[in-house]
Structures are given as C-alpha cells and as structure tokens.
Amino acid sequence: MSNSNPTEIVELDVRTDEMLVNMGPQHPSTHGVLRLVLRTDGEVVSEAVPHIGYLHRCAEKIGENLTPRQFIPYTDRMDYLAGMNMNLGWALAVEKLLNYDLPDKVRHTRVMISELNRIASHLVGMGTYGLDLGTFSPFLYAFREREKILDLLEWVCGARLTYSYITPGGVTADLPSDWIGKCRAFLDQFEPQIPDYHTLLTTNAIFIKRTAGIGLMPAEMAIAYGCSGPVIRGSGIDHDLRRDGDPRYRAMYEGYDFEVIVQKNGSYPKDQVYPAVPDEAILGDCWHRFYVRMLEVIQAIKLIRQAMDFYEKASGDWGTPIKLNTKLPAGEAYLETEAPRGQMGFYVVADGGDPIPRRARARSSCFSNLSVVEELCRNCLIADIPAIVGSLDIVMGEIDR
Amino acid sequence: MVIDESLLQKLRERFGDKIAGASLESIDPWIEVAPEGLVEVCRYLKDEPSIAFDCLNSICVVDYCETDPKKAAKAPWQPHLEVVYHLTSVQRKTSGVLKVMLPRWKDGVEGEIPELASVSSVWIAADWHEREVYDLSGVYFVGHPNLRRILCPEDWVGHPLRKDYVMPLEYHGIRGR
Chain D
1 MSNSNPTEIV ELDVRTDEML VNMGPQHPST HGVLRLVLRT DGEVVSEAVP HIGYLHRCAE
61 KIGENLTPRQ FIPYTDRMDY LAGMNMNLGW ALAVEKLLNY DLPDKVRHTR VMISELNRIA
121 SHLVGMGTYG LDLGTFSPFL YAFREREKIL DLLEWVCGAR LTYSYITPGG VTADLPSDWI
181 GKCRAFLDQF EPQIPDYHTL LTTNAIFIKR TAGIGLMPAE MAIAYGCSGP VIRGSGIDHD
241 LRRDGDPRYR AMYEGYDFEV IVQKNGSYPK DQVYPAVPDE AILGDCWHRF YVRMLEVIQA
301 IKLIRQAMDF YEKASGDWGT PIKLNTKLPA GEAYLETEAP RGQMGFYVVA DGGDPIPRRA
361 RARSSCFSNL SVVEELCRNC LIADIPAIVG SLDIVMGEID R
Chain C
1 MVIDESLLQK LRERFGDKIA GASLESIDPW IEVAPEGLVE VCRYLKDEPS IAFDCLNSIC
61 VVDYCETDPK KAAKAPWQPH LEVVYHLTSV QRKTSGVLKV MLPRWKDGVE GEIPELASVS
121 SVWIAADWHE REVYDLSGVY FVGHPNLRRI LCPEDWVGHP LRKDYVMPLE YHGIRGR
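Residue numbers (our numbering), protein chains in the order written: chain D, 1 to 401; chain C, 1 to 177.
Hints in this document: simulated from the structure, not taken from any laboratory. The reader is advised that the hints may include incorrect statements.
To be verified - List of simulated lysine to any residue pairs, SDA-like, C-alpha gap at most 20 Å:
hint	chain 1	residue 1	chain 2	residue 2
1	C	K93	D	R250
2	D	K323	D	D354
3	C	K93	D	E254
4	D	K61	C	R104
5	C	K99	C	H172
6	D	K327	C	K74
7	D	K209	D	L283
Starting from the given sequences, assemble the full structure and let the hints guide the process.
Rendered as structure tokens:
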C-alpha cells in the first residue's frame, strides 16, 4: 500500500483485493517442502497452485545406474515414512521381471513388516493432521506409539528412518529370535489405545467442524485425477490392490482375512465398534479420508496378528536375496503395491545380459493425489487449506522422488 | 490383464493401421499405437464399457539410446523413445499397457524434441504426468493446457532422463561437478 492517507486506508480496509500469497515451502502445514501459491480475495481462496520439485533427488536416474539391490536404499528415501513399503514395491517389481518364487516364510515376514510400517505411517498422518488443525496431544501420543514400532523395525534392520529390510529375492536376514513376542506385546498394548485417538480427534466437536464437509472429492473426480489409497476409499471407491491388484502382490495376502475399508454413506465394516459418522460429514470430505486411515490401522493389526501365526507355522527360510551382479533378463515389468498413501508403482525395463536396468520408474501415489489440490481448494477459506492438504497425507519425498 | 488376442483383433478392426503392433507374450502384454491415432484409441479404451480404462496410472518414457559407440553398434534396435502408458480399470479391476514409439529427435535434428498428442482431454491425470515426461524425457505434448517444467527449474537446459544427457558444469553460479 503506497498510500499514506488514513481515510483511504479505511476505505481499502472494507474493500478486498485479489492477492497472491505463498504458503510454504516451509509452512508447518505443508508437510515438507511444498509451495502453494494462493490467489486470495479476502479470506476466500480462488486458486491454489502447487509448485513441486524442491526435493528432486533424481531417484529414477540413479536407478538407471545401479543394480536392483543397490537401488533399495534409494527407495526408502522416496516415502521416508513408509520405507519398508517402498522396498516391497521395488522388490516385487524386480522379482516379477526375474520370475522369482519365494518361500512362504518370506511372504509372511513381508506382510508383518509392511503392515507394521503402514501403522507407523498412519500414526504420523493422523498425528500431524491434528497438529495442522491446532491440537497437540494426539501428535505426541501418535509419535510415542510410532517410536515403539520403530524399535521393532530397528531391531530387524538397524535403522530408524531409512530402514531397508525387504529386498529382491527375500528379506536381508531372518527375524531376531524374540521379535515375534515383542511385536505381539506391542499390539496388545497399542490396540486398547485406539479409542483414545477417536475421542481426541474423530469425535471431537472442533475437529468435526474443521473437517466435515470440507474439501469434497466426488468419486468421479478422484478417478479422473488418478488418486489412490485412503483418498479414494474415503470417496467411496472400493479399490484396494491387496485384494484387486497384480496377481503377484495379491498372492502375498492369500489366506488372510481382512476387510477393505471403504466409506459409504453411513455404513461401517461389520465388526466395527467405533464412532458413528457425524451428521455434518459428507462422503469424500476430509473427515472421511481421515476416518479411513483410522480404521485401516485396526485392519493392519488384524493382518499382523494373522501373519505372526502363519509365520510360526511356515516352513522355509528367509529367501536368497539376489546377488548384486545378477544379470536381468530382457523385458519389462510393472507392479503396483498398496502403500500407506496409495498405489506405489515400480516399472523396471532391462535389455538383457546387463545387471543394470535400462529404466527404473517410480509411479508415486502422492504425485497424483496432490494434483487434485488445485481443484479441491477452489473457493475454500484460507483456514481450510491445511485441513485439505493434510487430509491427503502427502509426503514430498515421494512426489519429487 | 485384459490385453489379449480378442481385444487386439477388435482394436485392429476398428482402428486399422493405427494399431502398429503388440506383444502378448511379455510379462505385461502391451499394444503399440501409432502416434497419430493415440487420442482416438485412448478415448475408446476409456469409454468402451467392456474395457473401461478409467484411470491413468503413469506415463513414462524409456530412452533407447546407447552412448557408447561399440555397444550402439551391437544393439538390436535403432535409437528411439518409447512412451509407455500404464492404465487401470477401477471398475473392472484390470490393467493394461499402451506404447507409442517416437524418434529421439524431431526430423533427426538434435535438440528438437519430438511431438505427441496430449491425452489430458481423456484423463485429467495426464496433465501432471505429461509435464513430468516433457520435463525429464523431452517429449512435447501438443494440445496440453499448461506444458511447463514440473520438477526441474523452469530455466533448466536439457532433459535429464535422456541417456545422452550431460550434467551441466554450473547452474546459476552453483558448481555441479
């Protein structure tokens, strides 16, 4: 404002002007280095354009210069909250190319590890979501529980953030001898605490006011933008790759009893004793996306318990990880897995006779999930932006790869 | 996997020469479409209820080029780009792969990137994916509403996922090597 005349300032005060506002790259609600350029008119956002690329680490280019085993640590850094699920995606894609079959024990270990990581990832998702909307305690509780999962993951692989345990051809080592017992003890302690999260967030009146009816994503919009994971299941689309995906990935969950959490207008999974959908909530809003994650945690616990039982009975060993210089056969394979944030696809192309793939492509779920922000944020309030961006539960490492 | 002999037959009858080839024995069977028929075929694959590829998962480019002249002489292919479309049908729980072959450079002039029709009118998801392909692999999508770089800075030179890409020595005064 170049004008120093007070009367005119008063006039300006009443009238609103269009203004460009930068949210991020380091705004606490933008979860990493996301920059949103908002065009605002008063409190109303008429346009929100995401700018990505700050973290760009050229993972795909690196993948074209390393053998599949060597590329595993780079996949951890894509979705750094669910490194094990990223390992799993890449390992399965490479195994699909090599046509590799695995012993049963590896299969159950992988289910255990990837579902544990899913819980850890969803805990961060809901903890930080509460933080975005102004509540601090759930964040602390979520991180307290996540630490215990990280202890378990650290025990198998030695790292607490960039963990890599699943590898093409199996897992890097057998589970430590008392690991199953510790894992069981954790689940027994964690499961009774879940109602606390519901009290603090799901049924909290302020939380409902901030999320119900905000950021509506109808099913057609979700599919058109290629969204996936809890984001589309919150819009009522019944699609989960653990049940509907590639045969190789589906086989991993064969014999397991679990339910795909899909939101419908006022209906729940059969054994659900958890809170009812509030009247204000509309299918496909932020509240429903959040609720899908909460219920998925319970399903993941169920899966881990089954996997532990299967593991104890299973024969075989922890597989034989492929050698560093294993030559890849000519061909190409694409495989998508259901990572905590949605469908994570890996595409590997090889020429034959070379241990290094010609192309290592990562199709990330958050990339598509974020592209819908522009449409979701049209004509919302500035205060709704954290609610909308947070409900998509994005991790920038996966978007920029 | 929905791509099989009968679908290929159906597409050949309908689009003739625009279906340039196929490989049904691959791990993921694929169909090759001629560049000029791409949008038509995509629209058909999306709208035809028995196929219903309603979701575009990914677009990526595989660069067939060998920088080492000895290896290049032995390579079984001519240098080219393969644009790969991974599609899914959420309704029918199936998936499929489409491919388009392009020359590495338009009219053989090095630096002139090849052109391809944009499918963003068919799947909105193609918007960002085509921007990424343009940015990293250098394919110009005709008809795209907003074709700008997405991961690299807007003034970046070259397309990093090309096999013959050379990392710049310096960018805005920052030493790269």
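Name the hints, by number, that the structure is in violation of. 5
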